[in-house]
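Engineer: Here's the letter readout for the chains.
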Amino acid sequence: MCTTGLFAEIDALGLSYSELNQRVRIAVESGARRLVLRNVAGQRYIGTNLYGCADRQGLSGLLLEIHGTPGNDLGAFLDGPTIVVYGNAMDGTGNTMTSGRIVIHGRAGDITGLSARGGEIFVRDSVGYRTGVHMKQYQGNRPVIVIGGTSQDFLGEYMAGGIIILLGLHLKANEPHACNRLCSGMHGGAVFVRGTLRHGSLGHGVSVQPLNADDRQLVAVYVSRYAELFGADADSIMNASFTKLVPATGRPYKQLYAY
Amino acid sequence: MDLVSLLKLNNPFGDDKRHAACAIFGMMNVSGELMPGEQVFAAMNNMHERGNGLGAGFAVYGLYPHMRDYYALHVMFTDVRGKTAAEELLRKSFVLEGSEPIPTRKTPGISAEPLLWRYFLAPLDTSLGEDGEQDLLMDMVLRLNTEVPDTFVFSCGKNMGVFKGVGYPDQIAHFYRLEDYSGYIWTAHSRFPTNSHAWWGGAHPFCLVDWSVVHNGEISSYGTNRAFLETLGYRCTLFTDTEVMAYAVDLLMRRQKMTPELFAKVVAPPFWEEIDAMAEPERTLHTALRVTYAGLLMNGPFAVVIANGEQMIALTDRIRLRPLTVAVRGDIFYVSSEEAAIRFVCPGVDAVWTPKGGVPVVGRLGLIPKPEHASDNVGVCVTACGGYRDAAQS
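As they're listed, the protein sequences go chains A and B. The first sequence begins at 1064 in the working numbering and counts up by one. The second sequence begins at 71 in the working numbering and counts up by one.
If you're looking for bench data, these hints aren't it; they were derived computationally from the structure. Some hints could be false.
[As the list claims (entries may be wrong)] Computed footprint of chain A on chain B; a stretch qualifies when at least three of its residues, placed anywhere within it, have a C-beta under 8 Å from a C-beta of chain A:
(1) 390-397
(2) 401-412
(3) 421-428
Note that CB positions come from ideal geometry on N, CA and C, so glycine has one too.
Start from the sequences and build out the full structure, keeping to the hints where you can.
Structural biologist: Here it is, written out as structure tokens:
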């Protein structure tokens, strides 16, 4: 490991997740604010548990650049830092994250953003199953997931808050999104879908609505961030039809318990 | 100083807790070219923390080219008396063309190993035909495993074999000297037993007449599946849920000659509401399969890699409650619990994707699988990882 001022580079080759994360924490404790991790191959929990390694401001200014394939639960409980992956992410990216940003220059696996409570996840390509499962929001904390491609099944499952934006950029004209059972059990938050959904692909209790002016403005903010991050044209992305999915009721299973 | 503070000394961040699940991996060269196992060992090692050392194993196809016409039998004996009795029973129906100990070596961490033996068999009755010979072998294996004490056949088939035991994958590979073998299909497993105890025979792969299964997950419908299979003569004796998958593979794909695609529709069928929405003739087909094989629907989370001499199949339960990633590179088809393990041994894959639940991805001799979507191609991403060779050298 070489740490120079605010910059540190760590070669992850042959390191266990425990050894790698320990080196990351030591680097942050020593004052590094930009870390480049090379040869990452499946090490889990990268970016997790950095509390106490720096103050709040220090953590918010921290950038972790990952080359290779980070393991499961990348950025779990993340609170402040930015993680950029040059490659694909596996399962559980941003698990229960609170704040900060995760940018994936590739695809992400299953349960991306599960139980997130805040922060932003940008995935350039597609995502696996159950993205955003049980995301939530509280007052000013609202997690956002932006997906450039499409999604596999159960996007927004049991979603209680937050925003998911599904762009379908690689889909051919009139090709619907791959996802089935969207928003099963959803009871909060919103999913914005660019392009078309397959007939019968929604979970129960989901209401399909057009975007109002506020919605479009909100989506445009995150689309321009996506475009900036991955070099796309925000205007042409926005120049398409969007659909908004919200829960039909805030308590879809009340019959199950109350009667 | 107590244990807790010792841990703090070693790791001041206190994150030594081990989170585990099983690891499965497979690689097939669809051209049939033989490959050493080094990539498989490195990939399994990369997923070390998914297992807990209570079981690991490998299935290798193309293993015994010089004995390809004989059925290879790998047997564990917990007592040498079992060996005498087993050979006596074998000789009633088979000629023993070869009989030798499976080469092993002392390996730290491997203990209580049974007597490990392999046989190469030809049926005494030469008029049975292939199906008849396989049924004879199947009956023999079930009899050896249930009637002969201290004996467990853990692999039987032509030009293939399973090596397994209680340990981590790197220990088992070292113990069985697997660097001495080559194959065009390798599948591998690292175990984290949840519902059943660890023993040498309970490690994966499970193998019956050429077909092998490695499994991550839990088959919650074990009781129903077992009841169905026992009416057809299978005897469940292995103390693990995976055996019903192995018997279903034997029944549906070996005996009834179903394609992997049809097999998947039995064990991981679409939901009724999806079937109701299908056009004919798919609706009739799916309805018939679900009704006929209701007892073989496998509930619960699973990911499996199934292989025989012709093909390697990757499949998850219908809502993919266990992870599985597939990739292709030239003629090589990879399957893994984790994408990182594939990229670790093959940084420059042509395509990588996570298959849809209940939909098998099949590599066949001469046929490499294709990704489902254009977006599954990975041409644009990736600064490659340094690779396992560098790691091995450092």
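Engineer: Run every hint past the structure and note whether it holds.
Structural biologist: We went through each hint and held it up to the structure:
{"no.": "1", "hint": "390-397", "in the structure": "holds (count 3)"}
{"no.": "2", "hint": "401-412", "in the structure": "holds (count 4)"}
{"no.": "3", "hint": "421-428", "in the structure": "holds (count 4)"}
Every hint, counting from the list given before, is met by this structure.
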